[in-house]
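Undergrad: Residues per chain, in single letters:
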Amino acid sequence: MKKLAFAAIALTFSSAAVADHAGAPTKGERVFRKCRSCHEVGEDAKYKVGPALNNLMGQQAGVLSGDKASKALKRAGELGMKWDLKTLEIFLRKPKALIPKTKMKFSGLKKHEDRANLIAYFQNLGAGEKPVKKDPTLSDAVLALVGDVEYGEYLASGCTTCHQADGSDQGLPSITGWPAPIFATAMHAYKTKDRENSVMQQQAGALDNEEIAALAAYFAGVTK
Amino acid sequence: MKFNRRVFVGAGVVAAASLTAPSVMGAARPRVVIVGGGAGGATAARYIAKDSKGAIDVVLIEPSRTYYTCFFSNLVLGGVRDFGSIGHTYGKLASEYGVNVVHDWAIGVDRDAKTVTTAGGDAISYDRLILSPGIDFRDGAVKGWDVTSQNKMPHAYKAGSQTQLLKAQIDAMPQGGTYAMVAPPNPFRCPPGPYERISMVAHTLKMHNPTAKILIIDPKPKFSKQGLFTDGWDRHYDGMIDLIGPEFGGKDPVVDPDAMTVTIDGEVTKVDVCNVIPAMKAGKIADIAGVTNDKGWAPVNAHDMSSKMYENVHILGDSSQQGDMPKSGFSANSQAKVCANAVRGALTGSKVFPAKFSNTCWSLIETDDGIKVGASYEATDEKIKKTSGFISKNGEDAGTRKATYEESVGWYNGITADMFG
Numbered sequence: 001m002k003k004l005a006f007a008a009i010a011l012t013f014s015s016a017a018v019a020d021h022a023g024a025p026t027k028g029e030r031v032f033r034k035c036r037s038c039h040e041v042g043e044d045a046k047y048k049v050g051p052a053l054n055n056l057m058g059q060q061a062g063v064l065s066g067d068k069a070s071k072a073l074k075r076a077g078e079l080g081m082k083w084d085l086k087t088l089e090i091f092l093r094k095p096k097a098l099i100p101k102t103k104m105k106f107s108g109l110k111k112h113e114d115r116a117n118l119i120a121y122f123q124n125l126g127a128g129e130k131p132v133k134k135d136p137t138l139s140d141a142v143l144a145l146v147g148d149v150e151y152g153e154y155l156a157s158g159c160t161t162c163h164q165a166d167g168s169d170q171g172l173p174s175i176t177g178w179p180a181p182i183f184a185t186a187m188h189a190y191k192t193k194d195r196e197n198s199v200m201q202q203q204a205g206a207l208d209n210e211e212i213a214a215l216a217a218y219f220a221g222v223t224k
Numbered sequence: 001m002k003f004n005r006r007v008f009v010g011a012g013v014v015a016a017a018s019l020t021a022p023s024v025m026g027a028a029r030p031r032v033v034i035v036g037g038g039a040g041g042a043t044a045a046r047y048i049a050k051d052s053k054g055a056i057d058v059v060l061i062e063p064s065r066t067y068y069t070c071f072f073s074n075l076v077l078g079g080v081r082d083f084g085s086i087g088h089t090y091g092k093l094a095s096e097y098g099v100n101v102v103h104d105w106a107i108g109v110d111r112d113a114k115t116v117t118t119a120g121g122d123a124i125s126y127d128r129l130i131l132s133p134g135i136d137f138r139d140g141a142v143k144g145w146d147v148t149s150q151n152k153m154p155h156a157y158k159a160g161s162q163t164q165l166l167k168a169q170i171d172a173m174p175q176g177g178t179y180a181m182v183a184p185p186n187p188f189r190c191p192p193g194p195y196e197r198i199s200m201v202a203h204t205l206k207m208h209n210p211t212a213k214i215l216i217i218d219p220k221p222k223f224s225k226q227g228l229f230t231d232g233w234d235r236h237y238d239g240m241i242d243l244i245g246p247e248f249g250g251k252d253p254v255v256d257p258d259a260m261t262v263t264i265d266g267e268v269t270k271v272d273v274c275n276v277i278p279a280m281k282a283g284k285i286a287d288i289a290g291v292t293n294d295k296g297w298a299p300v301n302a303h304d305m306s307s308k309m310y311e312n313v314h315i316l317g318d319s320s321q322q323g324d325m326p327k328s329g330f331s332a333n334s335q336a337k338v339c340a341n342a343v344r345g346a347l348t349g350s351k352v353f354p355a356k357f358s359n360t361c362w363s364l365i366e367t368d369d370g371i372k373v374g375a376s377y378e379a380t381d382e383k384i385k386k387t388s389g390f391i392s393k394n395g396e397d398a399g400t401r402k403a404t405y406e407e408s409v410g411w412y413n414g415i416t417a418d419m420f421g
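Residue numbers (the numbering used here), protein chains in the order written: chain A, 1 to 224; chain B, 1 to 421.
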């Protein structure tokens, strides 16, 4: 059974268009903005919603996430799947097409060009390229705030004007089910303008520390 | 976090709040009647029904079976989106949230008996009434135009058949023909709307009718995102668009729908399409309910969007006169959530949180060239007050502009899910 499953995956690889190598890392860095809500890169990169992606190329699937990896991804890795030009080209186009039970909520990059550039960026990261700007480190006092979930639910109605309440990605990142400290860090990064995007900077800028903690607490508890 | 005594009803006063809502004591559930199923009304209906978990009977009166959003209707005119993609129905509000959707016109409000009458002859009682009827046009606002001329000279400022009509007229323009827009005076629905429309008309003409001309006849000396639009028009549609402002007769044009002419400062111009967007006022039912002022809008308290004139009536969105927020779908949706929270608190004693408002308006100038403006607002005793804002800048790189457009598509999917479930 296991062998069969892997054979099916292998077949998909060989029949799919392989990424050409024309991708530009600088353009890929821009594409990577779509990933930054969940993935970090760079020296101090940590596991956020998903794993740090410094050394993605050549890795066995599921290894970077350690014990947080989905069963499906871990299994694919155990069956021999590695992140390379072919697998990334397929996965980035539509993650669920390759790993139907992946935990990654990203719907995929429709354009071949975007995928090629992003893959080039990942290749370059391995070669020691400078990473994108880091999120600020929150003080212990701010991180220790326990948000009021009920207030968070009310405030969350300001988020669901754009983001989907059910956690799906319909053009904007999924914001449900994030661990609270990661959610809070992202919101503070918009507030301090360390993260780009004027709408998010405006939204986060109108929230104080307790309100960000309330939102983080509420969204952490929203799962599909 | 600042809690103002007036807006924050904490757990300690829940009991007191319940006492002022006798309907929860009896057998009958309190009822909220909402008139108008757009960005304000549909959002309010969904949130009150969802968050009260059946404790409040929500009735939504909306004549249309299918609601076409005004936002993104300009993209339909430009051929960037198809018409069907901006249509939405109320089935989920009924089936998943238990909202009683009444497809009828509200034609009367009895504030003493607390009933709304419909064209179909029903009298529906309410504990709270929320009016979100959008806009209507002022009689005689554009000389020569009235509602009987809207087939020859469409407004397309309430989306639906008018959108389809205007698009068909643009597509049928003779080569080298003229599209004219009579733009509205302030205040009006969607401040960047007429100018995004100009952009989208130019987009489609550039492809199919490149020698055509666009004429904007505008009573205002300046308009929303003007610098961004005119920069974009210069870059994409050089020489195609002429703007006639108030100093050159833009203030009081005269139209003749039979002759298809516009007279500006005494000079008669023959046009092929004439998009007349007249001056606006609150939707008629606000007037009937007696909550409008001499300017034609409904003044509201910022903390809960309640009428400044009568108790137990709230007004959302374009019809309301609330202060600093622009009349937009985003604003109406934002106001609806504040109102829903306050109304639920008043009727069931649930916790009422402080009002917080925000708005963002995206506009598309040309394929993948999107711009945006946005702000945050707070409630004061006087009005909804702007606290800070942002706007796109000229000279942004193509990637940023493309990302802005893609963000607007994500927002469209978000707000329509927030309205209709």
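Just to be clear, a hint being listed does not mean it is correct.
As the list claims (entries may be wrong) - One side only, chain B facing chain A, incomplete, derived with CB under 7 Å:
(1) F353
(2) G374
(3) S376
(4) F390
(5) N394
(6) G399
(7) R401
(8) G410
(9) W411
Keep in mind the hints are simulated off the structure, nothing from the lab. Ideal Cβ placement from N, Cα and C applies to all residues, glycine included.
Undergrad: Which earlier hints can't be squared with this structure?
TA: The structure breaks hints 5, 7; every other hint is satisfied.
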